[in-house]
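Chemist: Okay, here's what each chain looks like letter by letter:
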Amino acid sequence: MAYENSHRDALILGEKTYGQITDEIIHPIVSKPPMLWWMAFGLSATLAGIGTLAILHTITTGIGAWGLNKTVNWAWDITNFVWWVGIGHAGTLISAVLLLFRQKWRMSINRAAEAMTIFAVICAALFPGIHMGRIWVAFWVLPLPNTHGSLWVNFNSPLLWDVFAISTYFTVSLVFWYTGLIPDFATVRDRVKTKIGKVVYGALSFGWSGSAKMWQRFESVSLILAGVATPLVLSVHTIVSFDFATSVIPGWHTTIFPPYFVAGAIFSGFGMVLTLLIVTRKVLNLQDYITQAHIDAMCYVTLATGLMVGLAYGTEFFTAFYSGNNYETYTFYNRAFGPLAWAYWVMIGCNVITPQFFWFKKVRENMLVVFILSIFVNIGMWFERFVIIVTSLYRDYLPSSWTSYMPTFVELAIYLGTLGIFMTLFLLFARFFPVIAIAEVKSIYKSSSSAARKKTIEANADRIELQPVQVATAANGSTVALESAYHHPDQPTA
Amino acid sequence: MTVRDNYLLGVYDDEEKVLDAVDELQRRGFRIEDVFSPFPIHGLDPKLGLKKSRLPRVAFWAGMVGGSSALFMQWYMLAHDWKMDIGGKPFFAAPSFIPVTFELTVLIASLTMVGTYLYVNRLSPAWKVQLADIRQTDDRFVVLVKKPLDDSTLEALRQAFAATGALDTRDTELTILETEIQKGTAVVHAH
Chain A
4 MAYENSHRDA LILGEKTYGQ ITDEIIHPIV SKPPMLWWMA FGLSATLAGI
54 GTLAILHTIT TGIGAWGLNK TVNWAWDITN FVWWVGIGHA GTLISAVLLL
104 FRQKWRMSIN RAAEAMTIFA VICAALFPGI HMGRIWVAFW VLPLPNTHGS
154 LWVNFNSPLL WDVFAISTYF TVSLVFWYTG LIPDFATVRD RVKTKIGKVV
204 YGALSFGWSG SAKMWQRFES VSLILAGVAT PLVLSVHTIV SFDFATSVIP
254 GWHTTIFPPY FVAGAIFSGF GMVLTLLIVT RKVLNLQDYI TQAHIDAMCY
304 VTLATGLMVG LAYGTEFFTA FYSGNNYETY TFYNRAFGPL AWAYWVMIGC
354 NVITPQFFWF KKVRENMLVV FILSIFVNIG MWFERFVIIV TSLYRDYLPS
404 SWTSYMPTFV ELAIYLGTLG IFMTLFLLFA RFFPVIAIAE VKSIYKSSSS
454 AARKKTIEAN ADRIELQPVQ VATAANGSTV ALESAYHHPD QPTA
Chain B
22 MTVRDNYLLG VYDDEEKVLD AVDELQRRGF RIEDVFSPFP IHGLDPKLGL
72 KKSRLPRVAF WAGMVGGSSA LFMQWYMLAH DWKMDIGGKP FFAAPSFIPV
122 TFELTVLIAS LTMVGTYLYV NRLSPAWKVQ LADIRQTDDR FVVLVKKPLD
172 DSTLEALRQA FAATGALDTR DTELTILETE IQKGTAVVHA H
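Keeping their order, the protein sequence lines are chains A and B. Read in our numbering, the first sequence has 71 at position 68, and its numbers run on one by one without any break. Read in our numbering, the second sequence has 35 at position 14, and its numbers run on one by one without any break.
Same shape as in the complex, but just chain A:
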């Protein structure tokens, strides 16, 4: 049926029946939530509540409740906005880009990563909303005919591009996620025993039956959505970076911003996916589906994008020096050695140094260490946005306007509140939705599980040589061991 490289790690461990795969994945839905879940849910909901109060305070009082001043007029809120949007990049990247590249390891993690994307974008979208000050006129960003004369919105403004980019990204991600969920909701619908469960999952599954034509259309839609979502992911963070790059503030006005932001977004997104899934796979007992091979793959992506981010930091610094522009040079010197240098070095430490540990197999195999490193990635990426925004603004062209910036308690509470909202939504997801794409995992069971692979090896033992037992003789007459035995005798070995 399918051809698999025997050197690849199995993506599903152990011998399973299709029914068993269903049972293991939907177990949290059909069982009662444990005490631990209620505790986590209570904590997250409390944080979300505190955040909501702080948002209400901001709306009723005004932006004066924050620590902004006339020099630093963007700070905490936009940092959080960019940070959350960045985190929201891994989900669609995993499900869309990896689908186009036919990477089967995406299948166990795409559902949870897409959920994370949607929740992160919700948190992100909150910030520009409340930063408007008068949130009740937020609809002014839409191109609607209005009563203020014939004025339309300004399509030359990157901030308006953001409105379109974020709302499109949210909508398409949600639709993509839900399209994939429909067959799995049907599986849940036909498995739940409670009356309310049957009604709710019956409605959620949209009457899916799994006929041949439905599956054909399903695959077609998934592929096209992946095709359009791939440039969409790249465009969203590109446009977010335009918010800065199209301005004339030293430290922002650079052409490197779009690729630099996109790499950073993937880096932080995978950091968050690791943080969430290391806990999820343990708590929901899904280690057979989210295996060491998956963790390794995610660590590799984090490492690769971490290196890209590091390269961008270096390039930025060099370009500032090489430009000979006083303002540009000063901004970068001030970032690294000025009053907020600690934030800069936290960023370098977390984003450039931390991921280097992922080179080591021993590190990747220790879940606690990977978990801690992924938290460092999240912290580092938060500081990256903070450094870009605040250290570019607080000392700009006019030294008489130089100030500093300190967040108020309200701003801190809003940030913690979004963490609460995010965790609350994710906990609900982990309880009531199939956390792993059941149908997709079943479809690769025959080709990519350890048990199926063992069977294939046994059945074809006489025809395939998976592990060369004897040493081969190379063309020059010398004997070469193991791996080199795969070489054609005519080819010179190293």
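Source of the hints: derived by calculation from the structure; they are not laboratory data. Don't take every hint at face value.
Okay, the calculated beta carbon distance ranges per label pair [unchecked claim]:
| no. | chain 1 | residue 1 | chain 2 | residue 2 | range |
| --- | --- | --- | --- | --- | --- |
| 1 | B | PHE113 | A | PHE412 | 55 to 61 Å |
| 2 | A | ILE252 | B | PHE93 | 31 to 37 Å |
| 3 | B | VAL24 | A | LEU145 | 43 to 49 Å |
| 4 | B | PHE93 | A | LYS458 | 55 to 61 Å |
Even for Gly, the Cβ is constructed at its ideal location relative to N, Cα and C.
Based on the hints, put chain B in the right spot on chain A.
Modeler: Leaving out everything else, chain B in the frame of chain A:
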């Protein structure tokens, strides 16, 4: 477009058995009306004679319409209806209009395609599904053939199901989507 009919169905527990069974049933002269499975079976569509889905075309044309309407909208608003001098740029500042044009192309293409997908598959929260087998979304694969009218064909069909490893054979009245399946010969069936 749905059809309601009497069917004889064979229930299997493995997708490879289904692929073999489809070949064998067609060889014995039966037309498969539909196959239900918990996940997509690769290689099944050509065997059944399913035509390729036209949904990608829907997405393409919807994207075309979306993109050109977005560009038209921006031209109308900033270069026609109320001209605005923004930073000395031309009224129709084409490069600045590309991001929104791109986003709306993607948005309208995706929403139209998914809307069409839900419509043609008759998927909606209000739709009550009639399953051939309660486990067809879990670990069972169901092959559907119209129930033959005469007893000898019916017996031949039952034997064909049994010979290809079906765990169970039963007849049932079922409403299914019109299948667009081309291959195989239809049997004389009961109404």
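Chemist: Now look at each hint and say whether the structure bears it out.
Modeler: The hints, checked one at a time:
1. The hinted range of 55 to 61 Å is not satisfied by B/PHE113 and A/PHE412, whose Cβ atoms lie roughly 48 Å apart.
2. At about 34 Å, the beta-carbon gap between A/ILE252 and B/PHE93 stays in the expected band of 31 to 37 Å.
3. Between B/VAL24 and A/LEU145 the beta carbons are some 44 Å apart, a value that agrees with the proposed interval 43 to 49 Å.
4. The hinted window of 55 to 61 Å between B/PHE93 and A/LYS458 holds, with their beta carbons roughly 59 Å apart.
Taken one by one, the earlier hints fail for this structure only at number 1.
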